[in-house]
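Engineer: The residues making up each chain are set out below.
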Amino acid sequence: MTAIDPSPNHLQLTRGGQLRHFLTLDGLNRELLTDILDTADSFIEVGERSIKKVPLLRGRTVVNLFFESSTRTRSTFELAAKRLSADVLNLDISTSATSKGESLSDTLLNLEAMASDMFVVRHSQSGAPHFIADNVTPGVAIINAGDGRHAHPTQAMLDMLTIRQHKGSFAGLKVAIVGDILHSRVARSQIRALNELGAEEVRVIAPGTLLPRDVEDLGCTVEYDMARGMRDLDVVIMLRLQKERMEGALLPSEREFYRLYGLNQDKLALAKPDCIVMHPGPINRGVEIESAVADGPQSVILNQVTNGIAIRMAVMSMAMGGQMAERQQKQMEREGGRA
Amino acid sequence: MKAGSQDKSLKITGGTLFDGTGTESDNPGLLIKEGKIVAIGAEAISADADQNVDASGCVIAPGFIDLCCNLREPGNGQKGNIASETLAAAHGGFTTVCASPETSPVNDSSAVTHLIRDGASSRGSVRVLPVGAITRGLDGELLSDLAGLKNAGCVAVSNGSRGIKNARILRRCMAYAQTFGLTVMFSPENQALAADGYAHDGQVTTRLGLLGIPEVAETAAVMEMLLLAEETGVKLHLSQLSSGRSVEMVADARKRGVQVTADVAMHQLCFTEEALAGFDSRFHVRPPLRSEADRQALVAGVEAGVIDAIVSQHQPHDTAAKQAPLPATEPGLSSIESVLSLGLELVQSGELSRERLLAALTLGPGRIVGLSPELAPGASADLCIFHPTASWQPCEQSLVSTGKHAPLLGRPLQGKVELTLVAGRPVWVANA
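Protein chains in written order, with this note's numbering: chain A, 25 to 363; chain B, 41 to 472.
Read the hints as simulated data drawn from the structure, not as lab findings.
From a predicted model like this one, the values you see are computed outputs, not experimental measurements.
Quick partial rundown of chain B residues pointing at chain A, CB under 7 angstroms, derived from the structure:
hint	residue
1	Leu248
2	Gly249
3	Phe319
4	Gln363
5	Ala364
6	Pro365
7	Leu366
8	Pro367
9	Ala368
Ideal placement from N, C-alpha and C gives every residue a C-beta, glycine not left out.
Build out the structure end to end from the sequences listed, making use of the hints.
Structural biologist: This is the structure:
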């Protein structure tokens with residue numbers, strides 16, 4: 025017995041299949057993902073101009089709603105919005121009304137009353153951007169900047185853009201994601217994107233305590249041994265290990281984790297010679313990756329950061345375009361009804 | 041359909057009679073006087089009555105008995121109260137509800153038990169049987185005055201949805217309750233394994249990054265409780281099972297002679313973890329909705345009689361409790377008004393027979409709290425008349441409960457309660 029439409033698309037796509045929110049990669053097809061990558065590609069050049077602006081969001085107000093701290097993601101969203109000529113408001117929620125007991129719904133109502141056009145949301149609870157998208161006034165776009173353990177779709181898409189730049193396409197690629205899969209919203213989105221874009225194999229490499237139940241159902245294979253897992257790899261994506269994970273018997277020590285799952289030059293040598301090394305940052309040198317690898321010739325970690333701005337410009341402009349298209353469609357329907 | 045007051049005699053003709061013993065037959069006529077059933081059959085048909093009810097097309101059954109209902113009174117008036125939630129129960133065809141001890145203050149003393157009983161007799165629509173808290177404040181550590189609770193009218197003791205601190209205290213709870221012949225009702229959950237989870241640890245939690253409660257959090261606790269019940273000899277009732285393996289363990293324990301009964305919430309029979317796939321907070325319940333295999337095993341457990349009762353696990357909430365991102369919402373749904381309709385969907389799909397559905401809503405729970413719900417001369421006229429195919433649509437306006445977070449809100453359901461009588465008094469009349 026199905027109670028509800030469990031697909032995310034009833035929320036994030038217009039009837040014409042355009043983005044109007046960007047909450048998760050679940051349900052988005054290869055064509056749309058490729059469209060996002062192509063649009064981002066076209067924005068990379070904007071960052072290379074002396075005047076780094078295009079007028080796509082001129083007159084629009086974008087609110088960065090970060091309920092969880094983040095410097096890098098928030099900065100790239102802010103830069104992306106400003107390069108699209110939007111007015112940007114950054115709200116430090118840790119010192120705002122929410123921490124004084126105001127409910128999320130009430131916080132939203134107040135922000136909507138300021139005539140915002142887009143909320144970029146980061147939240148520690150999985151599903152918070154869905155909740156906001158479900159309750160926000162029509163016409164306001166919601167972009168997920170990372171929710172709980174659920175999804176970080178713009179991070180995954182900037183990773184895909186980086187992979188495509190270096191590998192040309194996804195066909196035949198073998199990609200491994202290493203480390204704390206259990207708590208990683210990035211890994212969930214990456215696995216989804218890689219499968220949809222046609223990668224040959226997605227492996228997750230981690231100890232059993234850092235893997236979600238039945239993780240294979242996401243579309244990946246599991247490898248506990250890093251040496252075996254590195255074989256034939258085209259791409260290795262290291263995840264950040266949060267130090268608090270040492271508690272609660274998830275791991276015995278950072279030292280043992282680094283010995284078994286940390287990426288050093290010896291382990292990297294087991295992969296294909298042109299294997300690229302990625303990391304969503306911030307990196308812990310000597311915990312998940314050694315400096316010689318992080319700064320080495322196969323590392324594309326800084327490319328990822330640069331691509332983050334272009335992907336976020338693409339997603340923001342496409343979601344705003346979807347909202348406008350939907351508004352026009354409704355307007356036409358109303359006028360048709362009156363006629 | 042119209043019905044009169046308790047003082048007037050009432051004759052019910054037509055329809056199908058579910059007599060409470062597990063079988064259905066054409067209604068040969070049923071006469072009610074002074075709150076009791078006085079005749080069935082030719083004598084009833086030929087009698088003159090002040091009121092006549094034509095139940096053609098309907099099923100006449102003993103009033104449903106709910107072993108787990110949260111009335112929210114005393115202490116949580118913003119979520120519901122005895123008046124609103126017992127009227128909701130009547131709307132659902134229930135004539136008796138067991139009131140959860142999870143009130144504020146907790147029902148761990150005879151004073152609170154009396155408060156609930158007094159409220160029920162002055163403002164309640166249906167019979168209310170209080171369930172006492174087995175530990176003080178439901179803290180899982182210190183025993184409540186169980187003898188006092190029993191004397192005040194508690195029909196059983198439980199720790200609500202909270203856990204007992206450790207197996208040693210659990211063993212003592214059982215041994216002490218056994219002293220007074222009190223049934224203990226426990227929702228089996230190993231707290232350490234459940235930790236901070238709020239959804240079934242399975243495909244959906246993996247996909248959505250939700251914190252999971254593994255199935256073993258229930259089955260490990262079921263095994264522990266069965267072994268301790270076997271040792272202490274207490275009458276154990278396992279409340280709101282959610283896993284197929286729990287059903288197997290209950291069946292095995294019974295074969296060994298353990299005095300154990302069990303119930304399942306109707307939503308566990310109808311929905312799975314997939315209901316959370318859209319982050320729908322209405323389906324945030326505890327124990328969590330589990331896999332399709334678990335759901336099917338639970339339905340089979342009801343059909344086979346291993347699970348004795350179906351409960352509503354009704355938990356009305358105010359809007360704020362559910363209007364938040366899923367992990368921040370409170371568990372529980374407003375369910376008592378749709379239990380019958382959901383059950384009839386299982387009947388329609390061929391998964392459950394109507395006789396077993398009705399038995400699990402009447403006879404099964406009745407036995408556990410010492411009632412004999414049946415339609416026979418001399419029995420109290422607690423009954424429910426429902427039309428099995430008439431449709432209605434749960435929406436915020438149509439729900440009587442203060443809690444409006446019902447499953448399938450806005451979707452037409454089949455199976456409409458037309459008339460509910462408690463001791464011959466109409467407490468719910470459809471379209472009245």
